[in-house]
Every structure is written in C-alpha cells, then in structure tokens.
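Peer 1: One-letter residues, chain by chain:
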Amino acid sequence: EVQLVESGGNLAQPGGSLRLSCAASGFSFGIYRMNWVRQAPGKGLEWVSYISSGGSDVSYADSVKGRFTISRDNAKNSVSLQMNSLRDEDTAVYYCARASGGNFYHFDYWGQGTLVTVSS
Amino acid sequence: DIQVTQSPSSLSASVGDRVTITCRASQTIITYLNWYQQKPGRAPKLLIYAGTSLQSGVPSRFSGSGSGTDFTLTIRSLQPEDFATYYCQQSYIPPFTFGPGTRLDIK
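Chains A and R, in that order, give the protein sequences. The first sequence maps to residues 1 to 120 in this note's numbering. The second sequence maps to residues 1 to 107 in this note's numbering.
Bound-form chain A, shown alone (with noise of 0.2 Å):
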C-alpha cells in the first residue's frame, strides 16, 4: 500500500524556518517526481514545489522560490521541504503528493497533511 506521512509542521515566528519531510513506503521512491502542495485554511490548493526522481532537477512557486528548498534522499525513501524566512502567509497544511503519469503528469497519492503555521 502506498503511504506518505508528512512530519515537521509546527507554530514557527515570522523570519523563522521549519524543515519539512514526507516518509514514503508502498512503492519504488526513486523513480517518482514528487511536490509539495499546501492549502491556507479555508482556502484552495497552491503548488508548491517539485523534485525529478533523481533530485536533479526542481522547480518552486515563485511566492516560495528563494526561501525554500526541496530535497530527497532515496536511500531513505523521503522528501524533505527547508523552509525558511518564513512568513504569516505560509500558514497552511503543506501535502507531499507523489507525481506519476509520464508527460501527463498527476498527483497520484497525497499524505494526510502537515500544519505548519507562523505568526508572532
């Protein structure tokens, strides 16, 4: 069965940082792109971030790019998000959503969420 639990969510003051990370099972972690997809409460979803399965290549929302950064560690079997200089608007539960698909990429299999949230 495929699992992803995501870790790390907290209260963290503005400016301050949190890491992030998604333990995966069920399948064979180091052919998967995976991202990161959070949701401010009561608000939709917003694409946060991707890795290549390898780790080479990634790609960030541009309200995120420059502060955080996306990583795995396939040995390992998870994903992790650095997040830092961390403002009041990244309140929101942060998913890690593995992406299948080929050229036509989807998320597939999602965790149950993390909350992660900054305020003073």
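Just so you know, the hints here were simulated from the structure itself, not pulled from any lab data. Certain hints may be false.
To be verified - Okay, derived cross-link-like pairs now, DSSO-like style, lysine-lysine, Cα gap no bigger than 27 Å in a straight line:
no.	chain 1	residue 1	chain 2	residue 2
1	R	45	A	43
2	R	107	A	43
3	A	76	A	43
Knowing the structure of chain A, use the given hints to seat chain R on it.
Peer 2: Same frame as chain A, but now just chain R:
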C-alpha cells in the same frame, strides 16, 4: 504563468442530478488537465488525469472532457459521497497551478 479558472465557484444539487464543472486555462494546455476531489479535513483525491482518463478506483459516473483551454468535469447521477470541493490543475508547465475550486453542496 498559466492561470486556471473554474466555474461555478459553488453549486447546489440533489442526489441523482447530473452536474458539470468547467475549467479554463489562460493558454493552451493541450490535455494536461487533472481533476481532484477534496472533502473537509482530508487530502485531495485524484479523479481524472490527462483531461479524460479516469483514475483507477474512481466510479465511472465521473468523466472529463476538453482540450486546449476549455475542460469540463461531469458527474452523472450524484451520490451522497460526491458532495465535496473539486479542483482542476494544469500540469503542462510549472507552476502546476490549481483552479480556485468548486464547492458542491446538497440542495
């Protein structure tokens, strides 16, 4: 960046109804369009990918159509478990933008 809009933003329907939700991209995305369902407090669930392909395990009452810039999600014969929020997402080029969502309520 490619902008994605959805209409309506909300709608009310009854069990057994047929409903259609529309998604429009700001430029052609060929058929790189996915649909997700989300219930309160839960992670999104993939329904349709590549515009028309039904994800494994998703009931056949869900269908997708469209290409280019205009797409639709149709739910034939609504069931009680279908009342949720629906999002489209373009996967043509990053950022992989989501639409703002369509909330489907029970009438």
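Peer 1: For each hint, tell me whether it holds in the structure or not.
Peer 2: For each hint, the structure was consulted:
no., hint, verdict
1, 45/R / 43/A, "holds (17 Å)"
2, 107/R / 43/A, "holds (23 Å)"
3, 76/A / 43/A, "violated (33 Å)"
Hint compliance for this structure: hint 3 is the single one not met.
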